[in-house]
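Participant: Sequence lines, in order, name chains C and Y.
Reminder that position 98 of the first sequence reads as 98 in my numbering, one-by-one numbering, no gaps.
Reminder that position 101 of the second sequence reads as 101 in my numbering, one-by-one numbering, no gaps.
Source of the hints: derived by calculation from the structure; they are not laboratory data.
The C-beta atom is built at its ideal place from N, Cα and C for all residues, glycine as well.
Hints are supplied without guarantee of correctness; some may be wrong.
As the list claims (entries may be wrong) - Beta-carbon label-pair distances, calculated as ranges:
| id | chain 1 | residue 1 | chain 2 | residue 2 | range |
| --- | --- | --- | --- | --- | --- |
| 1 | C | Glu18 | Y | Pro84 | 24 to 34 Å |
| 2 | C | Asp13 | Y | Glu64 | 21 to 31 Å |
| 3 | Y | Leu107 | C | Arg66 | 47 to 57 Å |
| 4 | Y | Lys73 | C | Asn60 | 44 to 54 Å |
Said to hold, decoys possible - Mimicking EDC-like on lysine to aspartate or glutamate, the simulated pairs with C-alpha atoms at most 16 Å apart in a straight line are:
| id | chain 1 | residue 1 | chain 2 | residue 2 |
| --- | --- | --- | --- | --- |
| 5 | Y | Lys72 | Y | Glu105 |
| 6 | Y | Lys17 | C | Asp86 |
| 7 | Y | Lys17 | C | Glu106 |
| 8 | C | Lys104 | Y | Asp102 |
| 9 | Y | Lys8 | C | Glu97 |
| 10 | Y | Lys44 | Y | Asp90 |
| 11 | C | Lys87 | Y | Asp4 |
| 12 | Y | Lys111 | C | Asp86 |
| 13 | C | Lys104 | Y | Glu16 |
| 14 | C | Lys27 | C | Glu69 |
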Amino acid sequence: MRTTLDPFQAIADPSRREILMLLTKDKQTINGLAGNFDMSRPAVSKHVKVLYDAGLIIINNQGRERYCELSPDGFNSVKEWLSYFDKFWRNKLQNLENLLNQHKNEKN
Amino acid sequence: MQRDLVIKWHFPHPAEKVWECLTTPALISQWLMKNDFKPVVGHKFNFHTKPIPKMGFDGIVYCEVTEVVPGKKLVYTWKGGSAPDNLSLDTILTWTLTPQEDGTELLLEHKGFKGFKNYITSIFMGSGWRKHIPRRMAQVLNEMK
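Only chain Y is shown next, with the shape it has when bound in the complex:
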């Protein structure tokens, strides 16, 4: 299983414009989700979207800004789950901007998914059950690596 999500995207626009879209709440809500973001380390904010019950997601993303390098880098936590006290998704989002001749390269890293795999594997591997795990189950766990 792939643990991190990394996406590169090229914008034919200057970095300051892209940065503006990443850090201005009214603009963020136009392309991402409704939010109360502030580019201030320690600021806690939420994104609001449609719930996905199948994945145990109540539609609210709980975030906290952990790093701001104006115009270059923005990092915030990205947590979600079925309720505020049951946040099964505990990830980190990093936005890195690199100016280029013809625009800006945006690197989006969404990390921390490995906790899921560890959680489930530890349950199954934890107490000597390993040798009893049928092939099919072992296969599933392997795929989750």
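If we strip away everything but chain C, and leave its shape as in the complex, we get:
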């Protein structure tokens, strides 16, 4: 099962930000990405997995190669906070109104 990670945690690492930067140019294979770093291919692969788990990139298999691509949807999760809280607060304020009504009725 695919685990989910905090995207902010994912981009907190400089190497992973570098990978995202490289992917803003074009999709790339893990080998292609590894060519830009001093670290080993497995290390790059590990970072790629973190970005994938955070929903920031997608991985497509094409033939024998695995291509990494940016996933704008992943970045959208940042925006979810606002709409989340809008619903959250409206829901809570309704609770508050109900609570006030209830107290009033009890006293009457």
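Based on the hints, put chain Y in the right spot on chain C.
Facilitator: Showing chain Y alone in chain C's frame:
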């Protein structure tokens, strides 16, 4: 992207009743979340709710009271994240009560979300990558304004 959340709500109840519900821990927990709130500037407290792993939220809101004007205004910080040392959500909550003839108007302002956008944009715009950003990505970043 909208940066602040502002909600107005009318209650057909006197301001002191609404204030009581905003500042009494037992009442707050009935309509909002379990908490250890005190209406004292500098008081640190938490709200407890269900974690939302998808959004990197561990279910605890970390707060500190920054302003109390009895019966009128209450301000506290509202921070959350995947762990106490990784609070990616750093916002401020302001409650303002205005008495009206037929009750109370409550203004709820939840602010500080813009930090998110700045964080991500600075990463992408920071080092001359701008011209390379594909249209789709630029679109996403624009929407986050």
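Participant: A separate judgement is required for each hint: does it hold in the structure or not?
Facilitator: Taking the hints in turn, this is what the structure says about them:
Between Glu18/C and Pro84/Y the CB atoms are about 28 Å apart, so this pair conforms to the stated range of 24 to 34 Å. Distance hint check for Asp13/C and Glu64/Y: the Cβ-Cβ separation is about 29 Å, which falls inside the suggested range of 21 to 31 Å. About 51 Å separates the C-beta atoms of Leu107/Y and Arg66/C, a value consistent with the hinted range of 47 to 57 Å. For the pair Lys73/Y and Asn60/C, the beta carbons lie near 53 Å from each other, so the given range of 44 to 54 Å is met.
A distance of roughly 11 Å separates the Cα atoms of Lys72/Y and Glu105/Y; the hinted pair therefore holds under the 16 Å criterion. Restraint check for Lys17/Y and Asp86/C: the C-alpha separation of about 24 Å exceeds 16 Å, so the hint is violated. Between Lys17/Y and Glu106/C the CA atoms are separated by roughly 14 Å; this keeps the pair inside 16 Å, and the hint holds. About 15 Å separates the Cα atoms of Lys104/C and Asp102/Y, which keeps this hinted pair within 16 Å; it holds.
Restraint check for Lys8/Y and Glu97/C: the C-alpha separation of about 13 Å stays at or below 16 Å, so the hint holds. Between Lys44/Y and Asp90/Y the alpha-carbon distance is near 15 Å, which keeps this suggested pair within the 16 Å criterion. Proximity of Lys87/C to Asp4/Y is assessed by CA-CA distance (about 14 Å); at most 16 Å being required, the pair is judged to hold. With a C-alpha separation of about 12 Å, the suggested pairing of Lys111/Y with Asp86/C holds against the 16 Å cut-off.
At roughly 13 Å between alpha-carbon atoms, Lys104/C and Glu16/Y fall within 16 Å of each other, so this suggested pair holds. In summary, the hint linking Lys27/C to Glu69/C is supported, as the alpha carbons are separated by about 5 Å, within the 16 Å threshold.
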